[in-house]
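A.B. asks: Quick mapping for you: the protein sequence lines, in order, are chains A and B. The first sequence begins at 1 in the numbering used here and counts up one residue at a time. The second sequence begins at 324 in the numbering used here and counts up one residue at a time.
FYI, nobody ran anything at the bench for these hints, they're computed from the structure. In this text the structure is predicted, and so the values were computed from the model without any measurement. Think of the CB as a built atom: it goes at the ideal place given N, C-alpha and C, for glycine as much as any other residue. Misleading hints may appear alongside valid ones.
In silico contact screen, one side only, chain B against chain A (beta carbon under 8 Å); selected entries [stated by the list, open to error]:
id	residue
1	Ala330
2	Arg332
3	Gly421
4	Asn564
5	Ile567
6	Leu584
Below 35 Å or equal to it, Euclidean Cα-Cα: the simulated DSBU-like pairs (lysine-lysine) are [unchecked claim]:
id	chain 1	residue 1	chain 2	residue 2
7	B	Lys458	B	Lys379
8	A	Lys262	A	Lys63
9	B	Lys397	B	Lys505
10	B	Lys458	A	Lys63
11	B	Lys458	A	Lys262
12	B	Lys458	B	Lys505
Derived Cβ-Cβ restraints for the label pairs, each shown as a range [what the hints assert, rightly or not]:
id	chain 1	residue 1	chain 2	residue 2	range
13	B	Ser568	A	Ala124	44 to 54 Å
14	B	Pro489	A	Gly55	41 to 51 Å
15	A	Thr74	B	Glu383	40 to 50 Å
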Amino acid sequence: MTTAAAPERSVPDARGAARVAGSRERAGDRLFRLLLTGAAGLILLAALALAWQLGSASRATWKAFGLSFLWTSTWDPVNEVFGALPFLYGTAASSALAMLIAVPLGVGSAVFLTELAPRRLAEALCFAIELLAAVPSVILGLMGVFLLIPAVRFVEPLLGAYLGFLPFFRGTPYGVGLLAAGLILALMILPYITTITREVLLTVPRPLKEGMYALGATRWEAVRGVSLPYARSGIFGAAFLALGRALGETMAVTMVIGNTPKISASLFDPAYSMAAVIANELAEAASDAHLSALIAIGFVLLVVTVVINGLARLMIYRLEKGA
Amino acid sequence: MNGAIYARRRRVNAAMLTLTAACAVLSASVLLAILGYIAWKGASSLSWAFLTNLPKPVGEAGGGIANAIVGSAKVVGLAGLIGIPVGVASGVYLAEYGRRGRFAFCVRYAADVMNGVPSIVIGLFAYALIVMPMKRFSALSGSVALALIMIPIVLRNTEEFLRLVPGTIREAALALGVPRWKVVLFVMVPTAGRGILTAALLALARVAGETAPLIFTAFGNRFWDDGMLNPIATLPHAIYNYAISPYEDWHRQAWAAALILMLFVLAINVAARLWLRPSAGAAH
Chain A
1 MTTAAAPERS VPDARGAARV AGSRERAGDR LFRLLLTGAA GLILLAALAL
51 AWQLGSASRA TWKAFGLSFL WTSTWDPVNE VFGALPFLYG TAASSALAML
101 IAVPLGVGSA VFLTELAPRR LAEALCFAIE LLAAVPSVIL GLMGVFLLIP
151 AVRFVEPLLG AYLGFLPFFR GTPYGVGLLA AGLILALMIL PYITTITREV
201 LLTVPRPLKE GMYALGATRW EAVRGVSLPY ARSGIFGAAF LALGRALGET
251 MAVTMVIGNT PKISASLFDP AYSMAAVIAN ELAEAASDAH LSALIAIGFV
301 LLVVTVVING LARLMIYRLE KGA
Chain B
324 MNGAIYARRR RVNAAMLTLT AACAVLSASV LLAILGYIAW KGASSLSWAF
374 LTNLPKPVGE AGGGIANAIV GSAKVVGLAG LIGIPVGVAS GVYLAEYGRR
424 GRFAFCVRYA ADVMNGVPSI VIGLFAYALI VMPMKRFSAL SGSVALALIM
474 IPIVLRNTEE FLRLVPGTIR EAALALGVPR WKVVLFVMVP TAGRGILTAA
524 LLALARVAGE TAPLIFTAFG NRFWDDGMLN PIATLPHAIY NYAISPYEDW
574 HRQAWAAALI LMLFVLAINV AARLWLRPSA GAAH
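Here chain B stands alone, though its shape is the one from the complex (with noise of 0.2 Å):
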């Protein structure tokens, strides 16, 4: 009787334990297959003529992309100068003076409410600040939308990362007479500079591959751009408009802009990830 019931026990063991791997094996093989996926589709279509050239006006088959890469280049570029500068400040901010109090606490609370806020409602925002007002869409609206989904992000990871330095090395400093502006920026952030670094680079990633909220600011456009406070084409949003287009030529197109998008985003992550580990000993 015993037996019996310690063998059903050890069934139902290993038959629980089987499904979890299942599940984890799953979940991690989607991964793979979106990789392999994209490589084989995105390769045959990719090509040097495909980088440098404009795209061909429509029904025209060939073309390229190159406006669309540098506009991304120039939208997240701009996000990236306003986004990782304020993220980061008001990270050694949380991090250096406001461990406690009212408007530390304000301040958190507004970056996490930010962070769970949806990119398109963001991009609403800019829309309503910046379209709505000058009339126009432009490149500006889209990095200003983009920086507000990096700054929560740089924010978080300055502040973390900051507080990892152990505090007998700003005493240290202090100790030694150096003024506090000079303690914070030349010991503190240097000594967490690799952790708050990965984590801007993370951030840009991220914005790099948005699309919902350019739909409206950035706007899109199939020449080379006019300036930033013009309408401008970037990469995501270039595939989401070949991917819904009825043109054969176009969803190739959108296979072979998707492989050279995430190529970028995944070269990042892999990057930080190494990048990462070995300080993780180094900031004890």
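Pulled out of the complex, with its shape left as it was, chain A reads as follows (with noise of 0.2 Å):
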């Protein structure tokens, strides 16, 4: 990630050039290095106050809940009941699922993109791939309701023929719910799987793939034996980059799941994730009881969300030091 610096030399920065020529400092740059230190302290300070804000606004669920609302399923507002497992079952559904569809779709397009296709070729749908990660995801939402509810209505009974047998095929059709969740998830984070994957494989050797070149492989057998291998730590790191991404998608999640908070193991019931309540119920959070239990929410998945992202990083530093 951290661009190959201007090789050091005896002037490194600003701040070096202070050293050398042993001056002290002017009084302009000194306004302006302070100017500057205090915009990267803000973000620093900002990060802090999101952490300590929304543990402190949910401290009330945590005094009244512990962490029992985090296994309990009464998601009562009236009673002031708050459990919030229901939500943490759908977020943690509906973003497996996506996994399960992206990552190897992801892995084998940016394959494709970096052994087989030509380079006009591969720019082309490396452009396509990116924009899709522009898309807004009201945007995404909106085709989720009107066209892939619809197909999953229709798709469902056919699974439900042939898969039954399994327990996440049964139940009744309704279009909405967690597979159709799944589905759009995976549209969201099929570009980050697949632009980071092709930049991890772009690193890989020249001499190990020549290497099994040489001795007879196929074009799979130098992906299957020495590309993917020497990248997996990278591949690892953008999925977990996507999957952070997954679990704190909104919009397009809301619209489709169906926002009903029950657990069930069939795919085609309507379910909840966290960030979809949070969508639905702050605005017209009829207590502060019922506020608290949101922001509650909110805090539990930024810190699944920070855990998850430093996980990622930790996998892509650890292929950069070994690179």
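Could you use the hints to bring the two separately framed chains together as a complex?
C.D. replies: Below you can see the structure in the form of structure tokens.
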């Protein structure tokens, strides 16, 4: 990720320049540096304030329910009883489904783009896939409501007929539900997986692959035997970054998941996600307890995404160090 | 025997490579499908009146989304006024003063964390920070949320583009006795200017499509807004409201609004790409 800086010289940066010259900082320089430091400090401050604000605004919920907030399933704003398990389940299940679809698809695309496609074609396809990441999530949600849900409603009875022996494919084909949410999330994270995996695959040293070819390996054998193992940690990193995105994705999921707080093994059933319940209920939160419970869900979401992103960065960092 | 094994290996090779090609084509064609469908559904409802009129009362057909377009411009504009200077300034700090050191490490880490935080959680932060103390939804709180999303994007790009500027340029300027702040501001930043500007534009396009953090900050409004301290309509939020409504006419308007938003986002992305390409060589 870090771009190789210019080779270390006698004057590595502006601060070093002062040391070299041995001069005192001029007033204008000092003011400028303080200004920039202030701006940088603002981000640090914002990150700390974010965690602190969400923590303190949800304190009432943690006091009242403790950690059982995370594994009870009653969500009753009227009687002020709150348990977030159905939302945790909906977020986890839809994200897991999205990963199951998007990771193979993304890695496959990346292999094609780096190993096979002519440069022109690869550039064009890459551009299209990157633009997919720029489509606002509310627009994908709109497509989901009017295009994906009817399609899913059509496909579900077929899935039920052939795969109904599995618990995932039973129940009423509503259209809205985990399956639709997983599919739309897969679309949203696909570009991240593809572009990051592609970047990682491009770092595989040529001589390694050439060695495989010299031994008589086919292209696919070189990909499977050298490129993918070499890039493994980067691909895991890409998958975790994408997972972080999927967990917090709001609009598209809210529009297709069905917004029903229940836990069911079937992918056909409507569910609810953490981000969706915040989006739907916060503006109309009836009481302080309700508000605090919603912010508590946001706090959990924050902690989970920070941990997942940290893991992702660790993996990509490890690859960079190894390379 | 050997021939049979070889033939099998070649068949596996061809099958797997075809499969990867299918993956790539499928992924890329999703974009075309989305663009085509939005253009088809949206174009028929797009008209001058749609762009310049206020929404009609519920149940009445017709009306436009002029207030949402203006609202989006105001909210995103203010977000840019806050987010771009802060992002660029802290990016310059990291590239020029903070290559090493604990403070710079913390800033970089905080930016990475903020970049990974879901936009709805950023929205919650703006809600707790501004809406709760002021006891009302406001355009300002929406802008702050969007600015917080922009800052890490602008910061990271600014730092990377500045690092591409050769150190010899800085040394040459310093050797002439130019004060450091002038070197940074009038030599380093302009050299990386095109990249920084593109990053800022892309960040604007990104937040222009954000809905989640606006639902409980900017809140929405069916009329012209009443200043930045009051609820305001925005384009993505209007699309959301219309899409989940039960009215046929509002669905139609949602598609038209989606077309406008998509065209805006697409234009910036394509322009940024075309614009950045020649400078990749110029920076070296």
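A.B. asks: Does each hint fit the structure? Answer for all of them.
C.D. replies: Consistency of the hints with the structure:
For Ala330 (chain B), the suggested interface contact is broken, since its CB lies about 11 Å from the closest CB of chain A, more than 8 Å. For Arg332 (chain B), the shortest C-beta to C-beta distance to chain A is roughly 6 Å, which falls under 8 Å, so the interface hint holds. A distance limit of 8 Å between C-beta atoms decides the matter here; for Gly421 (chain B) the minimum to chain A is near 7 Å, and the interface restraint holds. Given hint, Asn564 (chain B) at the interface with chain A, is violated; its Cβ is 10 Å from that chain's nearest Cβ, farther than 8 Å.
Contact between Ile567 (chain B) and chain A, as hinted, is supported at the beta carbon level, the nearest pair being about 6 Å apart and thus within 8 Å. Here the hint on Leu584 (chain B) is kept, as its CB sits about 6 Å from the closest CB of chain A, short of 8 Å. Pair hint Lys458 (chain B) plus Lys379 (chain B) holds up; C-alpha atoms about 28 Å apart against a cutoff of 35 Å. The straight-line distance between the Cα atoms of Lys262 (chain A) and Lys63 (chain A) is roughly 25 Å, inside the 35 Å bound, and the hint therefore holds.
Between the alpha carbons of Lys397 (chain B) and Lys505 (chain B) the distance comes to roughly 33 Å, so the proposed pair stays at or under 35 Å and holds. As the CA atoms of Lys458 (chain B) and Lys63 (chain A) are separated by approximately 24 Å, the hinted pair is consistent with the 35 Å bound. Between Lys458 (chain B) and Lys262 (chain A) the alpha-carbon distance is near 33 Å, which keeps this suggested pair within the 35 Å criterion. Of the supplied pair hints, the one linking Lys458 (chain B) and Lys505 (chain B) is violated, its CA atoms being roughly 44 Å apart against a limit of 35 Å.
The given range of 44 to 54 Å is broken by Ser568 (chain B) and Ala124 (chain A), whose C-beta atoms sit roughly 38 Å from each other. At roughly 45 Å, the beta carbons of Pro489 (chain B) and Gly55 (chain A) sit within the given window of 41 to 51 Å. At roughly 41 Å, the beta carbons of Thr74 (chain A) and Glu383 (chain B) sit within the given window of 40 to 50 Å.
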